[in-house]
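Student: So the sequence lines, in the order shown, correspond to chains A and B.
If you use my numbering, the first sequence corresponds to residues 11 to 301, in order.
If you use my numbering, the second sequence corresponds to residues 24 to 204, in order.
In short, the hints are calculated from the structure, not lab data.
Keep in mind that the hints are not guaranteed to be accurate.
[Claimed, not checked] To spell it out: a stretch of chain A is covered by chain B in this simulated footprint if at least three of its residues, at any positions, have a beta carbon under 8 Å from a beta carbon of chain B; those stretches are:
id, stretch
1, 34-46
2, 67-78
3, 127-141
4, 146-160
5, 208-219
6, 265-279
[Stated by the list, open to error] Subject to a maximum C-alpha distance of 30 Å in a straight line, what follows is the list of computed DSSO-like cross-link-like pairs (lysine-lysine):
id, chain 1, residue 1, chain 2, residue 2
7, A, 281, B, 52
8, B, 180, A, 257
9, A, 291, A, 224
10, B, 190, A, 257
11, A, 224, B, 190
12, B, 180, B, 190
13, A, 277, B, 180
14, B, 190, B, 84
15, A, 44, B, 157
16, B, 84, B, 180
17, B, 84, B, 52
18, A, 44, B, 84
19, B, 190, B, 159
20, B, 159, B, 143
21, A, 44, B, 143
22, A, 157, A, 291
23, A, 257, A, 224
24, A, 44, A, 157
25, B, 180, B, 143
26, A, 277, A, 291
27, B, 143, B, 157
28, B, 84, A, 281
29, A, 281, A, 44
30, A, 257, A, 44
31, A, 281, A, 224
32, A, 277, A, 12
33, A, 257, A, 277
34, A, 12, A, 224
35, A, 12, B, 180
36, B, 159, A, 281
37, A, 224, B, 157
38, A, 257, A, 291
39, B, 143, A, 281
As the structure is a prediction and not an experimental result, all values here were calculated from the model.
Note that beta-carbon positions come from the ideal geometry of N, C-alpha and C, so glycine has one too.
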Amino acid sequence: MKVSYYPGCSLQSTASEYGASTEAVLRALGITGKELPDWNCCGATSGHAIYRGLHQALAIRNLLIAEGEGLDLVVPCAACYNALRSTRQVLAGGDPEALRLKEETEHLLGRRYQGEVRVLHILEFLAGEEVGALLSARIRVPLAGLKLASYYGCLLTRPPRTVSFETNPEQPRLMDDLLSRLGASPVVWSHKTECCGASLSIPAPEIVCDLVGKIVLAARRAGADAIVTACPLCQTNLDGRQPEGEKIPVFFLTELVGVALGLNPHKWLRKHLVDARPLLKAHNLITASRA
Amino acid sequence: MVELRDPQPLRWIEEPSGQPITRCFQCYKCSSGCPVAGAMDILPHQIVRFVHLGLEEELLKCRAIWLCTACHTCKARCPNGIDISAINDTLKAAVLARGLRPALPAVADFHRQFLASVEKHGRVHELGMMVAYKLKTGNYLQDVPLGMRMLARGKFKLLPDPIRGQKEVRTLFHRARGEQR
């Protein structure tokens, strides 16, 4: 199987362990992830905050390049995914302003957009029928005994009609199901889709610490040993802004898939601010000798 | 107290935000679910009401539009399909386009520095963006320990990684700002 792969900016810096673990997992499953040539930044929250239509224009350039590749586009970053998926939907719905942007960008790149490229978040890709079966067949280290809080955040779930791949976007299940498939025990908890405030993390940290504190506390209250995210902004924020005295590990989904596949996770996990290795060692999921 | 002056809805917000503002019947569902409502000076449902009542100056001066995290919880739950974060984006753009002072300058500076990095390289260079933001705001001491820990763990790429299509990306920026090319 071959797919197009759009890492996005964070996966090459603050969340490089998300990028590295995604690539390792794809390789281990025998899937070729071909990096989208010359991709640009999606603009994240800033992309739509102060200039009208900029985030759509940035997304259209990436969609045009992806369509030229002729493969499904797999995206691990929730912000990139949200920008691509929502722009794709707006174009499909025939929004006149988006169509004008599309024509301008087509002219700039010298190719036409047909609306055929499929955009998949890494979560829905790994949980899909075909890849899910591949995954089940290759699990070598079941994550037995790990109690995990699946954290979906905003960008994978809202706006529901344009980006969500869930039956009930207020109560998402897909990550829980995938973690169960890996042998872990997802907990039932209250803050699956609450916002962590990542876009304000730098200019208004006091507000963000409050939001992160509530999410971390809710995960603890539900008995979770760790939180799992599928968004580089959520992970950086939840890992770095925990309340005084709190140290709950925050995993990227692909890191845990990698552990279950028997890959060596040390090079990913040593980048975390809250060390996640003691928890995995306590459950005999990794060995100290492989560090 | 806000003094009402011959209310005229702010029709100019409807088109750029793409939101059916007049459908709102003030059910408060948006404000009930908003994660940052506690820090806002005008609550989400009030933002829509202020648009109905033509309270333009109050909206352009408020902190709430800058505190919105664009989490879209309001949009997901609104019985009338209104995305208040899109209204907030339109208002923020208007503040900057008219040369007014943002109520939370640090938030505006963050967005500007983030986008300046994307405009320059085609991708955001996080370390360079953070340095530029600190120089702009003079907020040198904030988050230094956190930044050092992230640096020590190799979380920052030291140099930018410009794309080949930089000129294309710059053109998209010029157009979004309404500049002639």
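Student: With reference to the structure, classify each hint as holding or not holding.
Tutor: The hints, checked one at a time:
no., hint, in the structure
1, 34-46, "violated (count 0)"
2, 67-78, "holds (count 3)"
3, 127-141, "violated (count 0)"
4, 146-160, "violated (count 0)"
5, 208-219, "holds (count 8)"
6, 265-279, "violated (count 0)"
7, A:281 <-> B:52, "violated (40 Å)"
8, B:180 <-> A:257, "holds (26 Å)"
9, A:291 <-> A:224, "holds (27 Å)"
10, B:190 <-> A:257, "violated (44 Å)"
11, A:224 <-> B:190, "violated (43 Å)"
12, B:180 <-> B:190, "holds (23 Å)"
13, A:277 <-> B:180, "holds (16 Å)"
14, B:190 <-> B:84, "violated (35 Å)"
15, A:44 <-> B:157, "violated (36 Å)"
16, B:84 <-> B:180, "violated (37 Å)"
17, B:84 <-> B:52, "holds (24 Å)"
18, A:44 <-> B:84, "violated (47 Å)"
19, B:190 <-> B:159, "holds (25 Å)"
20, B:159 <-> B:143, "holds (17 Å)"
21, A:44 <-> B:143, "holds (25 Å)"
22, A:157 <-> A:291, "holds (14 Å)"
23, A:257 <-> A:224, "holds (14 Å)"
24, A:44 <-> A:157, "violated (34 Å)"
25, B:180 <-> B:143, "holds (16 Å)"
26, A:277 <-> A:291, "holds (15 Å)"
27, B:143 <-> B:157, "holds (18 Å)"
28, B:84 <-> A:281, "violated (41 Å)"
29, A:281 <-> A:44, "holds (25 Å)"
30, A:257 <-> A:44, "violated (36 Å)"
31, A:281 <-> A:224, "holds (24 Å)"
32, A:277 <-> A:12, "holds (26 Å)"
33, A:257 <-> A:277, "holds (20 Å)"
34, A:12 <-> A:224, "violated (40 Å)"
35, A:12 <-> B:180, "holds (28 Å)"
36, B:159 <-> A:281, "holds (29 Å)"
37, A:224 <-> B:157, "holds (28 Å)"
38, A:257 <-> A:291, "holds (16 Å)"
39, B:143 <-> A:281, "holds (28 Å)"
In summary, the numbered hints that this structure violates are 1, 3, 4, 6, 7, 10, 11, 14, 15, 16, 18, 24, 28, 30 and 34.
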